[in-house]
Amino acid sequence: MPRWSRSVSAVLPVLAAGLLLAFLLVPVVALGLSTGLGEALAGLRNPLAVAALGLSLFTTTCSLLVVLLLGTSLAWMFARRTGRGWRALATLVQLPIVIPPAVSGLALLLAFGRRGLFGAWLERAGIGLPFTTAAVVLAEVFVSAPFYVQAAAASFRRLDPSLLLVARSLGAGPARTFFRVALPLSLPGLATGAALSWSRALGEFGATLMFAGNLSGRTQTLPLAIYTAMESDLGAAKAMSLVLVVVAFGLLLLVGRRAQSFLGGQSARRAP
Amino acid sequence: MLDARLELRRGPLRLSVDFSVGPGPLLVTGPNGAGKTTLLLAVLGAVRPASGRLVLAGEVFFDGAEHINLPVEERQVAYVPQDSGLFPHLSVRDNVGFGLSRLAPSERSARVEAALCQLGATAVAERMPLSLSGGERQRVALARALAMQPRALLLDEPLAALDAPTRVRFRDFLAEHLRRLDVPALVVTHEAEDARVLGGEMLVLEGGHVAERGHVEVLREAPVSAFSRAFWAQH
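Chains as they are written, first to last, in my numbering: chain B, 1 to 272; chain G, 273 to 507.
Honestly, the hints are just simulated from the structure, not real lab data.
Honestly, I wouldn't trust all of these hints.
Below, a sample of chain B positions facing chain G; criterion: calculated Cβ distance under 10 Å [claimed, not checked]: (1) 19; (2) 20; (3) 171; (4) 174; (5) 185; (6) 214.
If you want the ones that stay clear, here's a sample from chain B, every Cβ over 10 Å from chain G, calculated [said to hold, decoys possible]: (7) 5; (8) 15; (9) 58; (10) 74; (11) 86; (12) 99; (13) 102; (14) 163; (15) 169; (16) 172; (17) 173; (18) 184; (19) 215; (20) 216; (21) 218; (22) 223.
Small disclaimer: the values here were computed from a predicted structure and weren't measured.
No residue lacks a Cβ here, since even glycine has one placed at the ideal position from N, Cα and C.
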């Protein structure tokens, strides 16, 4: 191989990697550089931002609670049952991860909207979901739950089945076996799943816009407020974006470390 | 007294056994896939037989004809898997006390201390299982099993995970404890030397059937099956 060809083949991968790395980091750096601390603080005082911040915090807390409460049971079922039907169901539940959020929003409307599948039934019960804060929570649960369920089920599947059997042989019923053995041993994986799920809910935009609308104080979460502020107050948009970037970065650190300690714990357990 | 007449299919295995065991150990051996572990799991209640009857000290655990199948947690049968099965997130003391949650706290801690003392594990009571040596882990697992005062004991290759010197020491220790046992114990082993030291009655499983049954010394003197001859020729 001629020398020039060798040096090209050495440089080319480095160039390609550097290009993508720069492309991924530059926009975030630009956001940080273009927003001074004073501007960010002023932007956050915009009534739009204040309301959106509170609403996002409230709705994502609600959706996380729903996801944890219902998702843990579902993940446990997926991990414990091995039939083909259950495996198919476990795959199906991942659908919201891959379908576009706007489609999720439309699907939610067609299910729970006034003229949706359950619309008449909900109306008779006096429940109107679309364009309410509850709709925001539903949209967030819909798009974020699969992340938690997937991580939690994987974590439960990694459990040593003989430990669960030993617990039962020691007189522990299914509930005590779950809470005293399965849950504590899977906690790092569950926490990682919860963090991923929460960050997905926090960034939720499309499904919320379609199903819940963009009403300040009621359904306008941070991502929707950023979109709205782009037209009136760029400073506020930048400030809110920075908040989301900082939160996301914190979660990334948390999840990264959690995942590491989780893997470390696993390998330590296998050591003789 | 444990009376077992069990038929079951699990993967390629067709287990069909009929035997009784009184207080004390019954060693179970046989080639890989002969159904040793499956037999333990069936007695434990983790694997449901297709038919048959399992009775321990007069209580019916399983009866295919009468649709009786007592769940694992109600059988009061202690099970120690190959790698000791200690809960890695609980201290040694909490591991040993795990099966005693229904007792009053004072009685519970007295029982835990007695079990730890009996098995020489008091010194490691505050340690976490991952920090224990293989031999210590098996002692604690045995302490946990005996603390619940089981009606039967199931040990799946209790010596397999130990290195050679630890194995020899723990083997003598285990033999002594098994001799003192007043409940039936099924002990799976695949080492002739282990069987010789542990002693007592022995059951040879082959292809899911009981191929031989008798006292270890008798079987050793006159092995019948090809597996038995190879087994006793190990040393």
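Here is how each hint holds up against the structure:
{"no.": "1", "hint": "19", "verdict": "violated, 45 Å"}
{"no.": "2", "hint": "20", "verdict": "violated, 40 Å"}
{"no.": "3", "hint": "171", "verdict": "holds, 5 Å"}
{"no.": "4", "hint": "174", "verdict": "holds, 8 Å"}
{"no.": "5", "hint": "185", "verdict": "holds, 6 Å"}
{"no.": "6", "hint": "214", "verdict": "violated, 46 Å"}
{"no.": "7", "hint": "5", "verdict": "holds, 53 Å"}
{"no.": "8", "hint": "15", "verdict": "holds, 46 Å"}
{"no.": "9", "hint": "58", "verdict": "holds, 34 Å"}
{"no.": "10", "hint": "74", "verdict": "holds, 24 Å"}
{"no.": "11", "hint": "86", "verdict": "holds, 19 Å"}
{"no.": "12", "hint": "99", "verdict": "holds, 38 Å"}
{"no.": "13", "hint": "102", "verdict": "holds, 43 Å"}
{"no.": "14", "hint": "163", "verdict": "violated, 6 Å"}
{"no.": "15", "hint": "169", "verdict": "violated, 4 Å"}
{"no.": "16", "hint": "172", "verdict": "violated, 6 Å"}
{"no.": "17", "hint": "173", "verdict": "violated, 5 Å"}
{"no.": "18", "hint": "184", "verdict": "violated, 5 Å"}
{"no.": "19", "hint": "215", "verdict": "holds, 46 Å"}
{"no.": "20", "hint": "216", "verdict": "holds, 47 Å"}
{"no.": "21", "hint": "218", "verdict": "holds, 44 Å"}
{"no.": "22", "hint": "223", "verdict": "holds, 38 Å"}
In the structure shown, a violation is registered for the earlier hints numbered 1, 2, 6, 14, 15, 16, 17 and 18, in ascending order.
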